[in-house]
Amino acid sequence: MKLKTLTAMTLVAAMAAPFAATPALADLVFPSLSYRTGPYAANGIPFADGYEDYFKLINARDGGIGGERIKVIECETGYNTEKGVECYESTKGQGALVYQPLSTGITYQLIPKSAADGIPLHTMGYGRTSAANGAVFNTVFNYPANYWNGASAVVNHLLDVNDGDIKGKTLALVYHNSAYGKEPIRTLEELSKKHGFKLTLLPVDHPGQEQKSQWLQIRREKPDFVTMWGWGVMNATAIQEAANIRYPMENFIGVWWSGSENDVRPVGDKADGYKAINFHGVGDDYPVYDDLEKYVYSKGDATGAGDQKGTVLYNRGMYAAMLAVEAAKNAQKIHDTAKITPAMMRDGMEALEITEGKMADLGLPNFGPSFSVSCANHGGPGLASVNQWDAKAGEWKEISSYSESDMDVIGALINADSTAFAKESGITPRECADDGVMASMSKDDIMSEIEAIKARLGELLKAAEAL
Amino acid sequence: MPAEFWYGVEVLLNGLMAGVMYSLVALGFVLIFKASGIFNYAQGVMALFAAQTLVGIQTGQIPFAHIINVVLGTDVHHFGWHVPALLGLVLALVVMIVFAILVEKLVLKHLVNQEPIILFMATIGLAYFMEGFGELMWGADVKRIEIGLPQGGNAWVEENTAFLGGEDFYGFYLDTLDIVATLIAVALVTSLVLFSQYTKTGRALRAVADDHQAALSVGISLRTIWVIVWSIAGFVALVAGVMWGAKSGVQFSLSLIALKALPVLMLGGFTSIPGAIIGGLIIGVGEKMFEFLIGAPFLGGATENWFAYMLALIFLIFRPQGLFGEKIIERV
Numbered sequence: 001m002k003l004k005t006l007t008a009m010t011l012v013a014a015m016a017a018p019f020a021a022t023p024a025l026a027d028l029v030f031p032s033l034s035y036r037t038g039p040y041a042a043n044g045i046p047f048a049d050g051y052e053d054y055f056k057l058i059n060a061r062d063g064g065i066g067g068e069r070i071k072v073i074e075c076e077t078g079y080n081t082e083k084g085v086e087c088y089e090s091t092k093g094q095g096a097l098v099y100q101p102l103s104t105g106i107t108y109q110l111i112p113k114s115a116a117d118g119i120p121l122h123t124m125g126y127g128r129t130s131a132a133n134g135a136v137f138n139t140v141f142n143y144p145a146n147y148w149n150g151a152s153a154v155v156n157h158l159l160d161v162n163d164g165d166i167k168g169k170t171l172a173l174v175y176h177n178s179a180y181g182k183e184p185i186r187t188l189e190e191l192s193k194k195h196g197f198k199l200t201l202l203p204v205d206h207p208g209q210e211q212k213s214q215w216l217q218i219r220r221e222k223p224d225f226v227t228m229w230g231w232g233v234m235n236a237t238a239i240q241e242a243a244n245i246r247y248p249m250e251n252f253i254g255v256w257w258s259g260s261e262n263d264v265r266p267v268g269d270k271a272d273g274y275k276a277i278n279f280h281g282v283g284d285d286y287p288v289y290d291d292l293e294k295y296v297y298s299k300g301d302a303t304g305a306g307d308q309k310g311t312v313l314y315n316r317g318m319y320a321a322m323l324a325v326e327a328a329k330n331a332q333k334i335h336d337t338a339k340i341t342p343a344m345m346r347d348g349m350e351a352l353e354i355t356e357g358k359m360a361d362l363g364l365p366n367f368g369p370s371f372s373v374s375c376a377n378h379g380g381p382g383l384a385s386v387n388q389w390d391a392k393a394g395e396w397k398e399i400s401s402y403s404e405s406d407m408d409v410i411g412a413l414i415n416a417d418s419t420a421f422a423k424e425s426g427i428t429p430r431e432c433a434d435d436g437v438m439a440s441m442s443k444d445d446i447m448s449e450i451e452a453i454k455a456r457l458g459e460l461l462k463a464a465e466a467l
Numbered sequence: 001m002p003a004e005f006w007y008g009v010e011v012l013l014n015g016l017m018a019g020v021m022y023s024l025v026a027l028g029f030v031l032i033f034k035a036s037g038i039f040n041y042a043q044g045v046m047a048l049f050a051a052q053t054l055v056g057i058q059t060g061q062i063p064f065a066h067i068i069n070v071v072l073g074t075d076v077h078h079f080g081w082h083v084p085a086l087l088g089l090v091l092a093l094v095v096m097i098v099f100a101i102l103v104e105k106l107v108l109k110h111l112v113n114q115e116p117i118i119l120f121m122a123t124i125g126l127a128y129f130m131e132g133f134g135e136l137m138w139g140a141d142v143k144r145i146e147i148g149l150p151q152g153g154n155a156w157v158e159e160n161t162a163f164l165g166g167e168d169f170y171g172f173y174l175d176t177l178d179i180v181a182t183l184i185a186v187a188l189v190t191s192l193v194l195f196s197q198y199t200k201t202g203r204a205l206r207a208v209a210d211d212h213q214a215a216l217s218v219g220i221s222l223r224t225i226w227v228i229v230w231s232i233a234g235f236v237a238l239v240a241g242v243m244w245g246a247k248s249g250v251q252f253s254l255s256l257i258a259l260k261a262l263p264v265l266m267l268g269g270f271t272s273i274p275g276a277i278i279g280g281l282i283i284g285v286g287e288k289m290f291e292f293l294i295g296a297p298f299l300g301g302a303t304e305n306w307f308a309y310m311l312a313l314i315f316l317i318f319r320p321q322g323l324f325g326e327k328i329i330e331r332v
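So the sequences go chain by chain: A and B.
Each residue of the first sequence is one higher than the one before, counting from 1 in this note's numbering.
Each residue of the second sequence is one higher than the one before, counting from 1 in this note's numbering.
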């Protein structure tokens, strides 16, 4: 009898546990759709740790956001789309303010759900690129940069190091043979027409451990540059194969998902000089880390094993959390309440403005680009920097400042793709007062654009007078 | 001969080398299937676990450090020593033998005389358990294997073959790691064949493979044989894990190399050790040549994975038991 009672009590306790874990209504809930298991765990862990540690810092140092404590609900997706959707469904009723799916596949599935539920998605550097058009994608944000900005940043870097001329050169794209890997192709095709370079496409099947054919082709054809859109084991294998065929590493440049320590360390010294574009700072030489040490690490409260501090993907997770916190502060200000809803959070994200002054105040000087988000532009200006791996020092080094991507080409592609999506989905685009591309520019850029237009007008007037 | 011809030969040679790498994985499957009729779904995870264990031992990593730190409130990660490569390999092998004993005691012992599908399902469970156990024990971070294996294109081969195809030919590219893998595979297969054919234990293994009941009736200990065969498969997994881990780091995806072994097994047969090698070579050459001649120029590339399975399926139509598999005749 006693055993039966004990069993019944245990069962009741087990059933009640999930409810006990439900946050108090006053908490601001930020779900973390993480992947600490599966083929991509090595990359999912640092991001999830950085994401949660920053929220812990805000709770410990500032007492939350506007006096409201933050609650992070972690849900394991295993980088699996079905599990990601399950995580969304199981956590959305707990007051989730914003989702960061950390997977392009999950993002695509959540876009219609997010629109229906009014819960915003933030897909920083991944997901559906044309979601940058806020007039069509009301609840999806992909600031500060997207895949097409990344493709343009690669080409811009190649232009920079080749005196602005890559006409007649060859660029090989080694890409994960999936929706993610194929994202930059359209942009690179347009840019190849514009700059006169030849584009070679080299798909690699999942998971990407066997790439001999692709690299033998690169060895035969000797492209001037190689760029990579890879993830997980594909990255390290590609860099190893490049080293094996003695391809010059300085001509090999990956997207930001192919530029973490996990991608270069397995290759050792031979990965030295490999480059990757990025949209945030690297390393731990930022004042925010002093605060993290004081309020989180030293209290034994670091998330996970606490060994990811300063890695590229930890910084990315921390940056994502910082942008979420700033958007939440915005939402509280706009709606004059600390207890914000997902709809208010969306408004906060749409009115987000990140300046260098604000970044410095947050302990992250020169960590990321300055940008602002608007009704029409949910993607920001698409600024990216270039990092290079220093194998001897065992660290990434920033070798360029944040530079603009080719918005003439990207803006047109975004408009075309988002318009097609709106048509397919029966969405009537919102009326936005701002112009998407102009909104993505800084004040200085707009002023110089006005000056250029004035100068051009002057020239035209002179020509007209001469006639 | 034009450079294009010699590049074709280069692709063929690299296909052979890739085939050897696939065979290393397929061998583990064959050994267990041959001796116990079990298709060991966990073979890929065993390769991952063996490689994780080797790196963990070598670098002096404390097993289950994360759990220890959480439970005891400590901050320990490493013992502070570095074990030499050879000793690390021996200790990793010891761990794989302990693993084989545990598998026999906790799983196989309870499933004697069960249907093959039950044993297969048990290995699926074992694979999932091992995935999580390995990550808990050694962490999920990407690790580098440092046992002094040579890597990179072989300069000697490149220089001495460059004259073949004129100015546009840069000499044959052969990865030194692949050459080493080939030598290891030859030694491994030779010793396994000799062991299986000419030793008392080897003959006992074959007897168990033919008929569990008959083997038991002549005094062969089924449980001992299973421990031996899982230990040997553990050793093969260690070799495969080291070779593949050297190419791309030791990370979870190492367990997915099993996918590369499946077409090899379908083609070579599940019961033949030489079949695993020949099957690997045919798959390796077939997929690489198809990609070179048809896949990349006409189909947009990335044809290797599906072509390997297509090739295996075509062979299956004509020889369902594989090239070297034993023909199963069941009389009514």
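Worth double-checking, as some hints may not be accurate.
What the hints assert, rightly or not - Facing chain B, a subset of chain A residues (Cβ under 8 Å, in silico): (1) ARG36; (2) GLY38; (3) ALA41; (4) LEU202; (5) SER213; (6) ARG219; (7) ARG220; (8) GLY232; (9) ALA243; (10) ASN244; (11) ARG246; (12) PRO248; (13) SER298; (14) GLY300; (15) ALA302.
Keep in mind the hints are simulated off the structure, nothing from the lab.
In this text the structure is predicted, and so the values were computed from the model without any measurement.
Just so you know, even glycine gets a beta-carbon here, dropped at the ideal spot from N, CA and C.
A quick look at each hint next to the structure:
Because the beta carbon of ARG36(A) sits about 7 Å from the nearest beta carbon in chain B, less than 8 Å, this interface hint is met. Interface restraint check for GLY38(A): the shortest CB-CB distance to chain B comes to about 6 Å, inside 8 Å, so the restraint holds. A hinted interface residue such as ALA41(A) counts as satisfied when its beta carbon comes closer than 8 Å to some beta carbon of chain B; here the least separation is about 4 Å, so the hint holds. Proximity of LEU202(A) to chain B holds as hinted, the smallest CB-CB distance being about 6 Å (cut-off 8 Å).
For SER213(A), the interface hint holds, since its Cβ comes within 8 Å of a Cβ in chain B; the closest pair sits about 5 Å apart. With its C-beta approaching chain B no nearer than about 6 Å, ARG219(A) sits inside the 8 Å limit, and its interface hint holds. The restraint placing ARG220(A) at the interface with chain B holds, with a minimum CB-CB distance near 6 Å, inside the 8 Å limit. A distance limit of 8 Å between C-beta atoms decides the matter here; for GLY232(A) the minimum to chain B is near 6 Å, and the interface restraint holds.
With 8 Å as the threshold, the beta carbon of ALA243(A) comes within range of chain B, its nearest partner Cβ sitting at about 7 Å, so the hint holds. Using the Cβ-Cβ criterion of 8 Å, the hint placing ASN244(A) at the interface with chain B is satisfied: the shortest such distance is roughly 5 Å. Given the 8 Å rule on beta carbons, the hint for ARG246(A) holds: about 7 Å separates it from the nearest Cβ of chain B. Evaluation of the PRO248(A) hint against chain B yields a violated restraint, the C-beta minimum of about 14 Å exceeding 8 Å.
Hint status for SER298(A): violated, given a least beta-carbon distance of 11 Å to chain B, over 8 Å. With 8 Å as the threshold, the beta carbon of GLY300(A) comes within range of chain B, its nearest partner Cβ sitting at about 7 Å, so the hint holds. Of the supplied interface hints, the one on ALA302(A) is violated, with its beta-carbon coming no nearer than about 10 Å to a beta-carbon of chain B, more than 8 Å.
In this structure, the earlier hints numbered 12, 13, 15 are contradicted, and the remaining ones agree with it.
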